[in-house]
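*Asks:* The lines below spell out each chain.
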Amino acid sequence: MRNFAAVPGRGVLLTAGSIAIAFLSWQVLSTFIFNPFLIPPPLEVIRTAIPMILSGEILADVSISMSRVLVGFAFGSLAAIVFGVLLGRLQLLHDLLDPIIELMRYLSPTAMIPIAVIWFGIGELSKYFLIFWGTFFIVLVNTIAGVWRAPIARQRAAECLGANQLQIFVLVVIPSAAPYIVTGMRVAMASSFMSIIPAEILAADSGIGYLLQKSSMLLQTNRIFVALLTICLLGFVFDRIFRFLVARTLARFMSFVAVT
Amino acid sequence: MRNFAAVPGRGVLLTAGSIAIAFLSWQVLSTFIFNPFLIPPPLEVIRTAIPMILSGEILADVSISMSRVLVGFAFGSLAAIVFGVLLGRLQLLHDLLDPIIELMRYLSPTAMIPIAVIWFGIGELSKYFLIFWGTFFIVLVNTIAGVWRAPIARQRAAECLGANQLQIFVLVVIPSAAPYIVTGMRVAMASSFMSIIPAEILAADSGIGYLLQKSSMLLQTNRIFVALLTICLLGFVFDRIFRFLVARTLARFMSFVAVT
Amino acid sequence: MLQLDKVRKVFPAAPEPYVALDGVDLEVADGEILCLLGPSGCGKSTLLNVLAGFERPSAGSVSCRGAPVRGAGRDRVMFFQDAGSALFPWLNVEENVRFGLRVRKVPKAQWAGIIDNYLRMVDLDRHRNKFPAQLSGGMRQRLQIARALAVEPAVLLMDEPFAALDALTRRRMHAVLLEIWQRTGKTIVFVTHDIAEAITLGDRIGIMSAGPCSIISKIIDLDLPRPRDLADPAVARLFNDIERLLAPDIARAEERAAH
Amino acid sequence: MLQLDKVRKVFPAAPEPYVALDGVDLEVADGEILCLLGPSGCGKSTLLNVLAGFERPSAGSVSCRGAPVRGAGRDRVMFFQDAGSALFPWLNVEENVRFGLRVRKVPKAQWAGIIDNYLRMVDLDRHRNKFPAQLSGGMRQRLQIARALAVEPAVLLMDEPFAALDALTRRRMHAVLLEIWQRTGKTIVFVTHDIAEAITLGDRIGIMSAGPCSIISKIIDLDLPRPRDLADPAVARLFNDIERLLAPDIARAEERAAH
Amino acid sequence: QTPLKMTLFGQPSVNNDSIWLALERGLYKAEGLDVTYRLFPSGTTAFQSFQTGQGDIVMTGDLPSVQYFFRSNGNYRTIAAIERDAKGYVVIAAKEIAKPQDLVGKTIATRVGSTGSWFISEYLKKNGVDASKVTVKNLDTQVLPAALCGGEIAAFFIWQPIGSRTLEICPDKAHQLSDATGYVQGYLVAGARPEWLASAEGKDIATRWLRATIKGRDLAEKDFPAVAAYAKAKLDLSEKATRDQWDTNTRPLALDKVYYDDFCSLSHWAREEKLTDQPVDFTKLTWPDGLRAISAKLVDAPPPPC
Ligand SMILES: Nc1ncnc2c1ncn2[C@@H]1O[C@H](COP(=O)(O)OP(=O)(O)OP(=O)(O)O)[C@@H](O)[C@H]1O
Ligand SMILES: Nc1ncnc2c1ncn2[C@@H]1O[C@H](COP(=O)(O)OP(=O)(O)OP(=O)(O)O)[C@@H](O)[C@H]1O
Ligand SMILES: [Mg+2]
Ligand SMILES: [Mg+2]
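Chains as they are written, first to last, in our numbering: chain U, 320 to 579; chain S, 320 to 579; chain H, 431 to 689; chain C, 431 to 689; chain G, 88 to 393.
For the record, the hints were derived by calculation from the structure and aren't laboratory data.
The structure presented is a predicted model; accordingly, all values stated were derived computationally and were not measured.
Be aware that a few hints might be false.
A short list of chain U residues far from chain S (calculated; beta carbon distances all over 10 Å) [stated by the list, open to error]: (1) N354; (2) M371; (3) E376; (4) L378; (5) V390; (6) V489; (7) G503; (8) F512; (9) M536; (10) A566; (11) L569; (12) A570.
Pairs of lysine to aspartate or glutamate residues, derived as DMTMM-like cross-links and limited to a Cα-Cα distance of at most 20 Å, are as follows [said to hold, decoys possible]: (13) K224/G / D414/S; (14) K220/G / D524/S; (15) K224/G / E376/S; (16) K361/G / E376/S; (17) K193/G / E376/S; (18) K535/H / E525/H.
C-beta atoms are modelled at their ideal positions from N, C-alpha and C, and glycine is treated no differently.
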C-alpha cells in the first residue's frame with residue numbers, strides 16, 4: 320500500500336505525464352502505422368466524442384451505466400465478503416460449497432444472460448445481477464484466501480480477551496483479511512466494468528455498454544472507441560476514488576504488514 | 320491454505336456429494352420450475368453430450384481450447400509476475416506506468432479483438448494474446464499487492480546477508496508475495512477460461528468457445544449448455560490440478576502465515 | 431483449579447512427528463503463581479497453549495475448575511511470547527487495550543479510566559496514539575501486558591512477558607504484577623528463563639526437562655515471604671539449586687555440540 | 431570504523447512527529463565490542479537500524495570505514511530483535527543458514543561443513559528440518575544467530591540476540607560469541623537490557639537516555655580482563671554504577687506513573 | 088379507451104425503418120397501441136429474451152426465425168416479412184479476386200450460422216466453384232474489415248454496412264465482388280408466439296400493429312429525410328450510411344410467394360448443413376391471419392412443406 324497515499328504533487332504530475340505519453344504514442348501509432356480507420360487516433364476519437372458530450376448523450380449513458388456498476392459491484396462485494404468469511408472459517412461449509420463455486424465461477428456474465436432474464440426479466444434487476452455475477456466470485460476467492468491467512472495468534476488473542484465468534488469475524492478476521500479483500504475488489508472492479516457490456520445487451524436503451532454494442536453492430540469505429548475510452552476512464556476514476564477511500568478509511572488495515 | 324491438502328477421503332466424498340446435490344437441484348428446478356427448453360435439465364444436456372463425446376467432437380474442441388488457455392494463462396501469469404515485482408519494487412516505474420495500466424485493464428478481451436487481429440492476424444497467436452490479456456492484469460494487480468506487503472525485515476535481512484537486488488527479488492520478494500500471486504492466478508484462471516469465447520470468435524473452427532458461439536447463433540440450447548458445462552468442468556479440473564501442484568511444490572510459501 | 435493429566439503433545443513434522451510433551455502432570459491451585467523454568471525449546475509455550483485451550487493435547491486431559499478445557503475461554507488470558515503477532519496492528523495502543531473492554535461489555539463510562547490506569551502502569555501513556563508497528567520490542571510487550579491485565583481475568587498465562595524489558599522496567603513490572611495479584615487473587619502461570627524472576631514471583635517453580643519428550647521434572651515450593659531478596663542466603667541457595675537442576679540438560683547439549 | 435555524527439532520527443507519527451534520537455555521537459573502533467544499554471523504547475533498535483543503513487538519519491551522518499553509509503551493506507550483518515520477522519518462513523532451519531552462504535557465493539563444497547558447525551554451536555542441529563513456524567521463540571533467536579555468524583561478516587549489529595534464551599544457553603552463547611570474536615576480530619555492536627551481559631561481553635558500554643530525544647549519555651570503558659566474574663568486587667561495583675546510571679530515567683518514569 | 092400495451096423487440100438497423108416512422112409519427116398510438124420498443128444487438132440476443140416469455144413481437148433475420156421455430160418446438164409464428172433485399176448482402180474481396188473462380192484455394196470468412204453462410208453456399212454453387220476447395224473461417228462481424236485489409240482472408244460474405252465500411256477502410260485493397268442478387272435475399276421478419284396470437288387480444292394487437300407498420304412503411308419508402316433524421320438521432324448514422332441501406336430496402340409487409348421461395352431455399356440449405364432436420368411447414372411457421380385481416384392480397388397460399 321506504499322503508494323496509496325503518494326505525494327500528491329509528484330503523483331499528479333507523473334500520472335498526467337504517463338497518460339500524455341500513452342496518448343501520444345497511440346496517436347503516432349494509429350496515424351502512421353495502423354490504419355486509422357481500424358484504430359482511430361485519439362484526436363479523432365475526441366472529435367467524435369465532443370458532440371456526444373455536448374448533446375448530453377454520453378453523460379446520460381455514463382450515469383446510467385455507473386449506477387448499474389455501483390449497485391452490482393457493491394452488492395457483489397458485500398455478499399462475497401460475508402460469504403467468504405463464512406467459508407474461510409467453517410471448514411465443513413467450505414468443503415461442501417467449494418466444488419459448486421469452483422464450477423460456477425467459470426460461467427461468464429455473458430453466459431448468465433439467459434438465466435438473468437428468466438430470474439429477473441429484462442429490467443434493471445437483471446443488469447444488476449450480471450454485474451453482481453462479474454464481481455462476486457473474484458472477491459470471494461480473495462476473501463477466502465485472506466481469511467485463511469489471518470494470523471492465528473491474533474484470533475487467539477481476541478478469543479481469550481473475550482471476543483465471541485461474531486466479534487472475531489468482524490473485529491479480527493475481516494480486518495486481517497482486508498488487504499486481500501481490497502485487492503480482490505480492485506480486480507473485480509475491472510470485471511464489473513466489463514460486465515456492463517453483457518448487462519446492456521439485455522434490452523437496454525442507454526448506457527455505455529449499449530453504446531458500444533450499437534456502434535459495433537454498425538461498425539462505427541470512432542464511436543466504439545469513444546465507448547471503450549469512456550469505460551477505461553470511468554474505471555480509472557473509480558479506481559482512484561476507491562484507492563482514496565481505502566487510504567482514508569482503511570489505511571490502518573492495509574499498511575501494517577509493510578511497516579515493521 | 321488450510322484446505323489445499325485436505326484429507327483425501329473426506330474431501331472426495333464431500334466434493335462428490337456437493338456436486339451431486341447441485342446437479343440434482345438443477346434437474347429438479349429445470350424440470351418442474353423453469354421451462355426445460357430455456358434451461359435444459361442436466362440429463363438432457365448429458366443426452367446431447369454423449370454423441371458429441373463419442374464422435375470425438377468434444378474431445379477435439381476441449382484439447383484445442385485447453386492448449387490455448389494453457390499457453391495464454393502461462394504467459395500471462397509469467398509476464399504479470401515479472402512485471403508486478405518490478406512495479407512493486409521500483410516506485411518511479413510504478414508511478415509512471417500505473418495510470419496506463421489502470422486505463423488498460425478495463426478493456427475486456429472482447430474489446431481487444433480488433434487490436435489482436437491487427438497485431439497478430441487471425442491465427443493462433445491472436446487467440447493466445449486474448450487469453451493472455453484476460454490473465455495478465457489480474458495477476459499483475461495481485462502481484463503488486465503481494466510485493467508491497469512483503470515484510471521489510473525479511474528483505475533487510477536478505478540484503479545484509481549479502482543478497483543483491485535480483486536475489487532479493489527472486490529469493491525473498493516473490494516467495495513472500497506467493498500467497499497473493501497464487502490467489503491472483505486462481506482468479507485469473509476463471510477469466511482466462513472466459514476469454515476462450517472472445518478468442519474463438521476469431522476465426523476459430525474448433526474449440527469450446529467456437530462450439531458455444533455456433534450453438535448460440537443457431538439457438539441450440541442443449542449444445543450451449545454442453546459447451547458451458549464443459550468449460551465449468553475444465554475450469555474445475557484445472558483449478559484442482561493447480562491447487563494440487565501448489566500444495567505439492569509451493570506449500571512452504573503458502574502456509575507460513577497461517578501457522579504461528 | 432488448572433489441571434493437566436498425562437498430557438502428551440506430538441507435532442506433525444518431517445521426517446518424523448516431534449514429541450514435545452510426553453506425560454506432563456500439573457496442578458495449579460486457585461490464586462497461585464506457578465513459574466515454569468526450562469531450557470529453550472523444551473515445551474513451555476506448548477504447555478501454555480494447551481492450558482489456554484489453543485492446542486488440544488495429543489493424549490491426556492486438561493481441565494479448568496474441574497471442567498475439561500475444549501477451547502479458549504475468556505477466564506484464561508494468554509500473554510503471547512511473540513508480542514508483535516498477538517497485537518492488533520490496525521489498532522493503536524489505546525485501542526488495543528480498549529478491544530478487551532469492548533468485547534467484555536465493560537460499561538463505556540469506565541473505559542477511559544481503566545485504559546489510563548493500565549497504560550500508566552506500563553508507562554505507555556505517552557505513546558497511546560502509536561500503532562504496534564511504531565513500538566519498540568519492549569513497548570509491544572508492555573502493551574500486551576496492559577491489554578491482558580485490563581480485562582482482569584481469573585487466570586493469567588504469561589509466556590516470558592518481561593523478556594524484552596530492561597532490568598529496571600522489569601523490576602517495576604514485577605511490583606505491579608504482585609500488587610495486582612495480592613489485591614485480586616489471580617491464578618498465574620508464568621514462563622520465564624530468568625531464575626531470579628521465578629524466585630521473585632513464584633509460589634512454586636516447575637522445572638521442565640529438555641525436549642523432546644519433555645516433562646515437568648521437578649516442582650519446588652517456595653515458602654519464602656515476599657519481597658524476596660537475592661542477597662538473602664536462603665534465596666541464594668535456592669538459586670544455585672535451581673541452576674543445578676537446569677544444568678544437566680545444558681551439559682548434555684554441550685557435550686553433543688563438542689562432537 | 432563505525433561513526434555516528436550528530437545523528438537525529440524523527441519518525442512521522444500522529445499527532446506530532448516523534449524524535450527518537452536527537453544528536454547521537456558514537457565511534458566504534460575496528461574489532462571492538464560495544465554494548466548498548468538503555469531503557470525500553472529509548473531508541474537502541476533505531477540506532478542499530480541507522481548503523482545498518484536500513485534507516486536514513488533525519489540529520490547527521492553515518493559512516494563505515496570512512497565511507498558514508500547509504501544503504502545496507504554486506505559487511506554489516508544485523509541480528510533483528512524480532513527474530514520471527516527476519517527469518518525466511520519458507521526455508522527450514524538448515525536452508526535459512528544456507529541462504530547467506532549461497533548469496534555470498536561461498537563454494538558449495540563448504541556449505542555442509544559450515545552449516546553443521548554453526549547449527550551445532552547454537553544447538554539446533556537436531557532441528558534442522560523444522561521451519562521457523564515450528565520453532566520456539568528461543569530457537570528462532572538461535573537460528574538467527576547461526577545465520578548471521580555463518581556468513582562471517584566484519585561487523586555484527588546485534589539487537590538483544592539472547593533475550594529469549596534461558597540463563598544457561600545464554601551463557602554458552604556468550605562463550606561462543608567471545609571465542610569467535612577473539613579468533614576473527616569482528617566489530618560488534620550489541621544491544622542488551624542485561625547489565626551483566628553487557629559487562630561480560632563489552633569493551634565499552636554505551637548508556638542511552640530515555641526517549642524521546644534520546645542520546646548516548648555516557649560511555650564506560652571496561653578495562654577488565656576476560657572472563658569477567660560478577661562476584662569480583664571491581665565488577666560488582668561497576669554493575670552498581672551502571673544500574674545507578676540507568677536509574678534516573680526509571681525514577682522519572684515512576685514519578686509520572688504515580689500521578 | 089385505454090391503449091393496448093405491447094412490447095416490441097428490434098435491432099438498431101436501417102431495415103427497421105418502417106417501424107421507426109410508425110413510432111415517430113404516432114401511427115401505433117393512432118391504432119390504439121402503446122408500444123414499448125426494446126433494442127437488441129442482434130436477432131439472436133432478442134430471441135434469448137423472447138424465449139423466456141418477454142416481449143410480444145420480435146424482429147429477427149431469416150435464419151434465426153427458422154432456427155427458433157424448430158428449437159422452440161413450434162412456439163413461434165412469423166406474422167409478416169417486413170423487409171428483404173439482396174443488395175444488403177455483399178461479397179467484399181481483395182483486389183486480386185476478380186471473379187468467383189479466383190476464390191479457389193483461398194480463405195473466406197463470414198459469421199458461421201448466419202445468413203452469410205447461406206450466401207456463401209449459394210454463391211459458390213451457382214458459380215460452379217467447388218466448395219470443398221474453399222476454406223470458410225468463422226469471424227465476428229467487427230473483425231472482418233481488419234482481417235481483409237490485413238490480408239488474412241481473400242473475401243468475406245456479410246450484410247451491410249460492414250461491406251461499405253471496409254471499402255472506406257482500405258479502398259486500395261478491397262472491392263465489392265458482388266451482392267446477393269440472384270443468390271439469396273436477407274429478411275427482416277416479425278414474429279410472435281402462437282398462443283398469444285390465438286388469444287383475442289393478441290390477435291387484435293398483432294393486427295393493429297401490422298396495420299400501423301404498413302402505414303409506416305408507406306412513409307419510410309417515400310420520406311428518406313425522416314428516416315435519416317431518425318437514424319442520425321438514435322444511432323448517429325451518417326446520412327450516407329443510411330442512404331446506402333435505405334436504397335436497397337424492399338418492404339413487402341406480406342407473406343408472398345417470394346418469401347415462400349426464399350425460405351424454401353433457405354430450408355434446403357439448412358438441412359444440407361444439418362442445421363435443421365425437417366422441412367419447413369409454412370402453415371405452422373407463419374400466421375397469416377393478421378395480414379389477411381388487413382388485406383387478402385398480402386398473403387399468398389403457402390407451398391407444401393419444403
Ligand atoms: N507446530 C510445530 N510443529 C513442530 N514442532 C513444533 C511446533 N511447535 C513447537 N514445536 C516444537 O516443540 C518444541 C517446544 O516448543 P516450545 O515453543 O513450546 O518451546 P519453549 O519451551 O517455549 O521454548 P522457548 O523458551 O525457546 O520459547 C520445540 O522443539 C519446537 O520445535
Ligand atoms: N516507525 C516508527 N514510527 C514512530 N515511532 C517509532 C517508529 N519506530 C520506532 N519508533 C519509536 O522510537 C522509539 C525508539 O524505538 P526503538 O525500537 O529504537 O527502541 P528500543 O530502544 O529498541 O526499545 P526496546 O528495548 O524496547 O526494544 C520508541 O518510542 C518507538 O515508539
Ligand atoms: Mg516459548
Ligand atoms: Mg529494540
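*Asks:* At 10 Å, judged by beta carbons, does M371/U keep clear of chain S as stated?
*Replies:* About 18 Å separates M371/U from the closest Cβ of chain S, which puts it past 10 Å; holds.
*Asks:* Verify this label for me: V390/U is non-interface relative to chain S, using a Cβ-Cβ cutoff of 10 Å.
*Replies:* Answer for V390/U: holds, closest chain S Cβ roughly 18 Å.
*Asks:* Has the given pair, K224/G with E376/S, been kept, meaning a C-alpha gap of at most 20 Å?
*Replies:* The given pair, whose Cα atoms are some 18 Å apart, holds under the 20 Å limit.
*Asks:* For V489/U, is the shortest CB-to-CB distance to chain S above 10 Å, so the non-interface label stands?
*Replies:* 20 Å, holds
*Asks:* Is the straight-line distance between the alpha-carbon of K535/H and that of E525/H 20 Å or less?
*Replies:* Holds. K535/H to E525/H sits at ~15 Å (cutoff 20 Å).
*Asks:* Given the hinted pair K361/G and E376/S, is their alpha-carbon gap at most 20 Å?
*Replies:* Status holds; Cα separation ~15 Å.
*Asks:* For F512/U, is the shortest CB-to-CB distance to chain S above 10 Å, so the non-interface label stands?
*Replies:* For F512/U, whose nearest Cβ neighbour in chain S is about 5 Å away, the distance does not exceed 10 Å, so it is violated.
*Asks:* Minimum C-beta separation from A566/U to chain S exceeding 10 Å: can you confirm that?
*Replies:* Answer for A566/U: holds, closest chain S Cβ roughly 13 Å.
*Asks:* Does D414/S sit within 20 Å of K224/G, going by the straight-line distance between their CA atoms?
*Replies:* 43 Å, violated
*Asks:* Regarding the pair K220/G and D524/S, is the alpha-carbon distance no greater than 20 Å?
*Replies:* Roughly 16 Å between the alpha carbons, so the hint for K220/G and D524/S holds.
*Asks:* Verify this label for me: N354/U is non-interface relative to chain S, using a Cβ-Cβ cutoff of 10 Å.
*Replies:* 8 Å, violated
*Asks:* Once the closest CB in chain S is found, is it more than 10 Å from L569/U?
*Replies:* Given a closest Cβ separation of 13 Å, the condition holds.
Violated hints, listed in ascending order, are 1, 7, 8, 13 and 17; each of the other numbered hints is respected by the structure.
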